[in-house]
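> Listed here are the chains, written in short residue letters.
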Amino acid sequence: MMLRDTVRFSTAALRASPGRTALILLAMVIGIASVILLTSLGEGARRYVAGQFHALGSNLLLVMPGRTETQGGMPPMFGHAQHDLTLEDRTALERDPLIDMAVPIVFGTADLTYDGRERQVSVIGTDSNYQHVFNLTLMRGKFLPATARDRAEPVCVLGEHLYQKLFGHAEVLGDWVRIGTRRFRLIGLLQPKGKTATLDMSNAVLIPTVSAQSLFNRSGLFQIAIQTRSEAFARVQDRILALIQARHNGEKDITVVRQDAMASSLDQILRILTIAVGGIGTISLLVAGILIMNVMMVSVSQRRSEIGLLMALGASTREILLVFLSEATMLSLIGGVLGLMAGLGAVGLIASLVPVFPISTPWWAMIAALVVALATGLIFGSVPARQAAQLHPVAALSGR
Amino acid sequence: MIALREICREYHVGDETVHALDHVSLDIDRGEYLSIMGASGSGKSTLLNMLGLLDMPNSGSYRFEGRELMTLSEEARATFRREKIGFIFQSFHLIPRLSAYGNLELPLMLQGVPPSQRRERITRALHDLGLGERMDHLPKELSGGQQQRVAIARAMILEPPLLLADEPTGNLDSRSGDEVTRLLESLHDRGMTLVIVTHDADLGKRATRQIRMHDGQILHDRDGGAG
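These protein sequences, in sequence, are chains P and V.
Heads up: the first sequence is residues 255 to 654, going by the working numbering.
Heads up: the second sequence is residues 390 to 616, going by the working numbering.
Simulated from the structure, these hints should not be mistaken for lab results.
By construction, the Cβ of each residue, glycine as well, lies at the ideal position given by its N, Cα and C atoms.
Hints are supplied without guarantee of correctness; some may be wrong.
Covered stretches of chain V (in silico footprint by chain P; criterion: 3 or more residues with CB under 8 Å from a CB of chain P, positions within the stretch not fixed) [as the list claims (entries may be wrong)]:
1. 461 to 468
2. 489 to 503
3. 510 to 517
For reference, chain V alone in the conformation it holds in the complex (with noise of 0.2 Å):
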């Protein structure tokens, strides 16, 4: 589904040039469940953004599914974005305004979902979480359990094919955390490509397969975990 090919990104900060991904390549198929390990500033946040085209490399090939993304415009990479990806932030990025029902109305809007059809689609999704209860809550009135639960549903609503988790646990108890992760293996049961970047050595071994990062590269990469 992923091949990436000799990716580097670097950034300038004054004088220094630091290389945060050195010729990474990297091949995801589909259905995988991937963790990305390494110490901060390892590359691995980095990584993920490049798969997300939250960020661009200097150079490189990046092919999803067959075609090749380095030449995208902008706008076709925000519908890429929007149709392609899901993303779970560690700290659940809800819009603080809007209810869960209006933070999961955002991916239709953007999508031009009509009115009618987005709130079956919103009270389903939030019924399969548990969360049918709290369509009208806004974010401050749910726990952060809840809320990550609000973002992956979020990320979910429109079936992306892909999955991208940054520190999906990293905020929250380890209840919470246990309740999130069986949240997406079962996402990822059900045959959903799965990529998560953590620190979280536990979290980690959980997947198939693992990558280990150092200074901008893959340092391993191995099956494995528990499944």
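Same shape as in the complex, but just chain P (with noise of 0.2 Å):
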């Protein structure tokens, strides 16, 4: 038989029992969409995080004090060092030629106060080449001054969530807030970003590195974010090292670790996430094909005259078996488009509703879900397929 008389044949076979039909196609449907869903999904999220880490800049390492043993990772969070990390040792990393900017960060938690409100809040304690390094921007007013660089300047630049809880929406830029212990008068609000590895960005204050030392009592830095000029990071974090090793009377006390070498193990996490998710998908996809399995077999046992009759027409046990794996195949097939129009159309929807989710289907996942279709057809096909292939004829032309 000819293999467009074997895809007529079972063509005609599918359309002749269409509630049969459409419930396998709709199992399908739901396997595959399932999958492209839940792939993208999990792409979403590896897309969401990337596009954070990306908001923070590039050509950025952290220095921090005390010593990991780990490569790679997340930064020790409180280092126990030997020497606390200064604003000396800022100035010193930023004679370095290759190095663009050092930034001191003090961070802590205080309780921010206005016209009896009082809330508890983020404080970051830097200086105005913050603004650059972060890819900060203003909704109003100005960042911390380049004056205030190593002076206890009362002044603070407040995030925009903090704003709105705390002000709703009057005009207070020029007032001045509590922060602690300590006055600050408000010059600036940071425009909505999102939050960063480690800070919510919007639900912080920012004060000058002296003042946060002065109202935490504390004579370190929490860490110090570098510019670098160069793109060979490992020289410039071996440079850093040597730099502040000699300074730290030879100890080897601080961690430079690379923003992106964070992000880049977070997005091979999520990597691994989205294909373990996807692979859970497919758990839906074997109950289809085990729909099919079982459908097709009823399909036999209720053809086997027509079967019998074909073997006396002169069909050989090979052209059965294609009859039967062709119609499985279509079905396999036809369910992975219409399911992959259904998951790509889910995929849509959800990316209109959440425009912020950078939800996206990924090639691989799309051409995986065809693939896994199509697998799923001939490998539960085959059982009814080779089933009718062994009847005998004269038991199948009477219906045994």
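If you follow the hints, you should be able to join the two separate chains into one complex; please do so.
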């Protein structure tokens, strides 16, 4: 039998039982659509996190007190070092020709009060370069002034979310607020930007480094963010380590982490997670496969006399096998394509309903979905097809 | 044309062995019109299935046009059935979802006849049997006699040398049965070898040669009948 005739014969058989065909198609559609949807959600999460990291700026190294033995991964949050990182270390780093900017960061939490309202906030002590290194934009007012670099000027810049919570839409630029025990004048509001890996910027207040040090009664720095001039991160990393080691009496007591190293390890985790959720989706495909097998087995037993007739007319066992395999394959492929369309439709719907979430279908998931659909049809269709081909002609003709 | 020698076919039903064919030897010449009669379980249908290679003997020899068929592979047996045998069944065995045209197309599809040549052959075959107007009808839209005529057309469309009919009139009223009988005899008149298995003594006696079977053996084999 020519391939065209096999397909035509199988199509007629599928059309003759619309209920059965629709049931199998539905199962395939659900299976494939769920694989597409789950992997798209996973990929969206990965892109979202990657985007957040990208917003931090490239060429970024973070210097932290304390030593971690592991390579890559997350840095120690609070290192126990022999020596603190200091503003002098910062100044020394800045002199290195490969370093563009070295931004000191002091971190803590304190109560912010204004007009009787109080709220616990993240306080970041830093300098004017912070804005460039972390790509922050101002909604209104000014950022921390350059004059406050090493001086405890009583000024602060507020995150957008915090501003909304505390003041609603009142015009408060220039007003005084109380942070902990000290008073600061509000000089700027930050544009909403989202969360960085460690801090929720929209819920933070920024004050000069020295102000933060005295507020938290601390002489050291939480970390120094370095923006390099060179792409040769490993070299810069070595120079930072050597320079600080020399300044800290030969002690190797800091950790230097690349921002994108953290990003890439997170990226890897999320990629594996995407594959894992895709794998969970394939369980529903397995169910669809078993349904195909079951329904086709029923079909074979209902069509015994037809199979017997085909044998009497001279169809070989191979041709009988092909007829039933092509039915299973057509069902799974059509189901696969419809499922792909349904999955992409659902992804499109989510994209339009939640525009900030960068949901996206990976190309490999689309190809894998179709390949798995085809394989499902072939594998689960082969059992009933074999059953049909192995019938004895006389028994089949009599419907036994 | 056909030479069966010492054909045996046994079935096992539980612990019991049933000898459906017990050392049957039979020669059939080209152009013969043969009826096989006998009670239920006498082995007549088994013999017909052997002749059509739907079933294989446990032992013996089957030569067709001088060629030994006992050693044929599964694939070669399928080819033999397609090219040499036309089957006609009591219950017609038309595929219900296919029109008369579609049912007639099946043997042509299996034989690999190009689609361009199919229409003409099918149309001619249906016209010859007076079913030209029924080409696009489904089996359920045809009378029993018409269905059997479609089945005969299907058996004939590749012009095989041997036609095997198992109770061809068994499901038909007498008028339709007569029509079908006349149709089969006209095919024999055109030179076709015709073997009919039947319970119907009247039909059986019309054959030029009659075989009566009993307990898997040929009880008697004689020439005669109206022809």
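> Decide, hint by hint, whether the structure agrees.
Evaluated hints:
no.: 1; hint: 461 to 468; in the structure: holds (count 4)
no.: 2; hint: 489 to 503; in the structure: holds (count 7)
no.: 3; hint: 510 to 517; in the structure: violated (count 0)
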